[in-house]
Structure formats: structure tokens, C-alpha cells
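The sequence shown: position 17 = 17 (this note's numbering), numbered continuously.
Simulated from the structure, these hints should not be mistaken for lab results.
Treat the hints with caution; some may be incorrect.
Here are the simulated distance ranges between beta carbons [claimed, not checked]:
id : residue 1 : residue 2 : range
1  : Leu9      : Val73     : 17 to 25 Å
2  : Val96     : Pro36     : 24 to 32 Å
3  : Gln71     : Glu25     : 23 to 31 Å
All C-beta atoms, glycine included, are put in the ideal place defined by N, C-alpha and C.
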Amino acid sequence: MTSDHAHHLRSNAVAYNQFAREFAEHSDDGRDWVVPLIEAFQRVVPAGGRVLDLGCANGREMVDLSATGFQVVGVDIAAEGLRIGRRRLPDAGFVVGDAVH
Numbered sequence: 001m002t003s004d005h006a007h008h009l010r011s012n013a014v015a016y017n018q019f020a021r022e023f024a025e026h027s028d029d030g031r032d033w034v035v036p037l038i039e040a041f042q043r044v045v046p047a048g049g050r051v052l053d054l055g056c057a058n059g060r061e062m063v064d065l066s067a068t069g070f071q072v073v074g075v076d077i078a079a080e081g082l083r084i085g086r087r088r089l090p091d092a093g094f095v096v097g098d099a100v101h
């Protein structure tokens, strides 16, 4: 990882950590768009299959995917968002990391 990439990653993580609680308060509003997303996963992932959510934030889509029977694992750079996600979905996997690594 270049030092420039590492700097941007840290800066983004700090910003997302600061915004995590506010985002969680409103992230479940107006989510009709998630229905076609779930249907798309059901067409291509076997029932009970594992889904990786990169940039999962507070796990909002993971909750929907889990309710449909998928095993879910989320990756995000913001530890605060993952803490919120773990409270929402304690049996799911949550990993602090970035999609590059």
C-alpha cells in the first residue's frame, strides 16, 4: 500500500466513524430499492449461501440478506459502523478492512 493510499484510507475511516451514528439513525428510511437487490441475490446465490458485503457500514443490507436466509459477512473501514452492525446482527461476521486488502 502506498503512503498516499494509506493516508486516504485513514482519512476516510475517521470521517465514516464520525458519521456512523447519524447514518444509522436514517439509513433504514426509504429502502424499497433493496427488494430487487435481494431478488437478484436469490437468483445467483444458492439458498443459505454466503454473501460478502464490502463497505457494509452498519450492516443494513446484511440484515435484509440474513432475513432471507443468506449467511452474511461484512467488511468496512469504519469500526464504529461495524459496532452498530454487530448490535443489529450479532451472528454475522464483521471485519474491519478495506476492499483492496
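Verification of the hints:
1. Taken as a hint, the range 17 to 25 Å holds for the pair Leu9 and Val73, whose Cβ atoms sit roughly 20 Å apart.
2. Look at Val96 against Pro36: about 29 Å separates their beta carbons, and that is inside 24 to 32 Å.
3. For Gln71 and Glu25, the Cβ-Cβ distance of about 27 Å falls inside the hinted range of 23 to 31 Å, so the restraint holds.
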